[in-house]
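So you can see what is in the structure, the chains are spelled out below.
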Amino acid sequence: MLLPSALRTRLAEGPGEAEPLPVVRHPAAGAAPFRFAARRGRFSREHEFFEDGDVQRHLYLRDVLTQVAEAPERPRVPEFTCQVAGCCQVFDALASYEHHYHVLHSNVCSFCKRAFPSGHLLDSHILEWHDARFQILAERQDMYQCLVEGCEEKFKTSQDRKEHMVKRHLYPADFRFDKPKKSRGPAAPGATMPVSAKAPAGHGEQSEGDAMEVCSDGHVAPSPVPAGESSATPGLPGRRAYSHRIPATVCFGQGASRGFKSTKKRSKHH
Amino acid sequence: MWRRQQGRFRPVGCGVEELRRCRREREAALRKARREQQLVSKRLLRDSALEEAEGVAAILGEAEIQQFLRLAQQGTEGKQREKALVHLRRGLQHLETQQTFIRLEGSMRTLIGLLTSNQALLQLEAARCLHELSHSEQPAVAEACLPATSYLLTYLSGHSSDFIELCLYTLGNLIVESEAVRRQLLPQGIVPALAACIQSPHMAVLEALGYALSQLLQANEAPEKIIPSILGSAIPRHVLRLLQPGPKLSPGVAVEFAWCLHYIICSQVNNALLITHGALSTLGLLLLDLAAAVQRTEDAGLELLACPVLRCLSNLLTEAAVEAVGGQIRFGDERVVAALFILLQFFLQKQPSLLPEGLWLLNNLTANSPSFCTSLLSLDLIEPLLQLLPVSNVVSVLVLTVLCNVAEKGPAYCQRLWPGPLLLSLLDTLAFSDTEVVGQSLELLQLLFLYQPEAAQAFLQQSGLQALERHEEEAQLQHRVRALRETALHG
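From first to last, the protein sequence lines are chains A and B.
When you line the first sequence up against my numbering, it's residues 1 to 270, in that order.
When you line the second sequence up against my numbering, it's residues 1001 to 1491, in that order.
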């Protein structure tokens, strides 16, 4: 198909409409037995007209065709260590470091060191677990917000919220990021976190050992058994019990104070 | 930017001939599937470099699966646990392993536990296992992944782009599995989750998201159950943003979102809304960009993007809201016509099956637009158009229809159509056996004779009557043949 050379030039020039030639129609045009009428057409999804293009699309999806995308650069770098205090994981690729960092060190609650998959869940956690004002307000209004992205509903108790998430959003009843807050042991000092009769629910109880990551240089490694799995963990029972019963005031020298806390505080490493 | 690359997804170990044969067979199978409304495809994300290093995977039995799961869950050493999952993941490449896995009690629960653990590498390997399962050809296997979906969605608002990409491809595979899966994903908030995730700056994430979204939009129930909520979200605006041509336009991302737009538009739910968001302008600019790219590069898979763009434009042009549009591309801008012809030439060489779609757009551009018809004439595009006539009957009918669009505008237009190669081409098409082609030729002749009487004389001199008489007995054509004969002979 030979195209006039001026065409490419035209494409490179600026926008512009052709000054239309005068339109003058004769009534006999398209009159019976003729039937032509200029009209735009549309096709619906399943129309046969789209068959060829659709097949090409699906061949592409199934990779019989080569991709147009650029292969992403995954550069290897000289070995380096994670810089977060207390973590000595070693990496030789940026991608795996990025993943490690985001799983373990970002969205980490600075009060209890639990890690969360997203900022949204972290914020909810801090509000519900570590903010005494929340508990007070919760007695008077619906404060427990649905955890599903985009849902604005709020509830009186975490149990109500859970029921909503199960019923309305078809979430699993044992959704791991909405576990009830376990009581913090006998001498909860300061009583700044009132423990109500119904076990106050919070969420975010992660697998054990999340914050207790120890250097992987042969020392005791944590065994993050998913909370909810009933199987007894061989090897590290002591450690598990330990992380459960740390009294609220013990902060490993991190200097976190208790009491009214700004909810903005998160993943700060002292 | 528009280079053909060895994709991450390419099946390992296929030679070129093998690939061609593969492709022909698969094409036939896909056509059949589409006719039965069963056209469904999944994507598999595997690191081909890694695969080559790891060698061939073996099928795993029940005991082995249990052992690997136990090691992964309860092992004492991080590396050991990760390795166990790697073994499992490799075994899961086989359907038999997949089936054994889902039959084992507690296996999915354990896998989900590992997916949501805080060990980054375990998490990633668990996600890869899930991904293999999601890609299974057996519906039961993919559906066994359902308990994981709330977590996959939760992780979309995380920050690790590799992980999110994997979750998205897995979701995309699950979405397309069955309506039952989608009935779970929608209340779980997949639309808001995607709307949030589409703001990611990572191209790999966006391409994966486009894939997952396109699967959602392709569902049979999408026009009623899915597209309205998509249109009500921020997604359409982001899709259009990501289709803006420019240095940041990623071809892989653009392909996915162009298809998303096509599924939305051809469902005819609320195209006026898309027009107010500037869809026409964006698509028009993209068309120009494609034409420019075609001129620069040899073979780049551009037809994969061109196809949905053409469809979107053509369908949008049928909306009443079009008339009110301004924007960067005024719909009259003749660069659009120039770009379209460059693409038509490209299709002729690389993908002739897309010619009808290109010509459909040309019809929609010219039907009600004196300006575009004038552009065709002033840019000397009639002759190139005629060169397409021999390609196929469908193409011929469309070419003739476009020519009728021009001719029906009156004498000023017909004067530019004749004298010229048109008459000879029409004599050729009259020799076709296809009734529709001949019929459309007759329509064009009527207009030509009406507005340019000298053409009738020339027609007679070129043995036009004999060409007409060939079709005198054909029921669909005879009245028009006779009428034309009359006009030609008696004016």
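In short, the hints are calculated from the structure, not lab data.
Bear in mind that the values here come from a model prediction, so they are computed numbers and not experimental data.
The reader is advised that the hints may include incorrect statements.
SDA-like, lysine to any residue: derived pairs with alpha carbons at most 20 angstroms apart [said to hold, decoys possible]: (1) K1350/B with L2/A; (2) K1350/B with P1390/B; (3) K167/A with R1183/B.
Just a few of them, taken from the derived set where beta-carbon distance is under 8 angstroms, the chain A residues facing chain B [what the hints assert, rightly or not]: (4) A18; (5) P27; (6) Y60; (7) L61; (8) V103; (9) L104; (10) A132; (11) R133; (12) L137; (13) R140; (14) Q141; (15) V166; (16) K179; (17) P180.
Glycine included, each C-beta is placed from N, C-alpha and C at the ideal position.
With 8 angstroms as the cut and Cβ atoms as the points, is R133/A at the interface with chain B? violated (25 angstroms)
Restraint satisfaction for Y60/A [CB to CB of chain B, less than 8 angstroms]: holds (6 angstroms)
Just to be careful: measuring from the Cβ of L61/A to every Cβ in chain B, is the smallest value less than 8 angstroms? holds (4 angstroms)
Taking the least C-beta to C-beta distance, is R140/A closer than 8 angstroms to chain B? At 28 angstroms from the nearest chain B Cβ, R140/A fails the 8 angstroms test, so the hint is violated.
Under 8 angstroms, Cβ to Cβ, is where L104/A needs to be relative to chain B, so tell me if that hint holds or is violated. holds (6 angstroms)
Please verify that hint: A18/A, Cβ, nearest Cβ of chain B, below 8 angstroms or not. holds (4 angstroms)
Report holds or violated for the interface hint on K179/A, using the least CB-CB distance to chain B and a cut-off of 8 angstroms. Not OK, violated: K179/A not within 8 angstroms of chain B, min 11 angstroms.
Under 8 angstroms is the threshold here; is the Cβ of L137/A close enough to any Cβ of chain B for the hint to stand? Result: violated, 25 angstroms to nearest chain B Cβ.
What's the verdict on K1350/B and L2/A, does the C-alpha distance respect the 20 angstroms limit or exceed it? Holds: K1350/B and L2/A sit about 15 angstroms apart, inside 20 angstroms.
Min Cβ distance, P180/A to chain B: is it shorter than 8 angstroms? violated (17 angstroms)
Verify the proposed pairing of K1350/B with P1390/B, using a straight-line Cα cut of 20 angstroms. holds (16 angstroms)
Does P27/A meet its interface restraint, that is, does its C-beta lie within less than 8 angstroms of any C-beta in chain B? Hint on P27/A: violated, closest Cβ of chain B at ~10 angstroms, above 8 angstroms.
This entry does not satisfy hints 5, 10, 11, 12, 13, 14, 15, 16, 17, going by the numbered hints stated previously.
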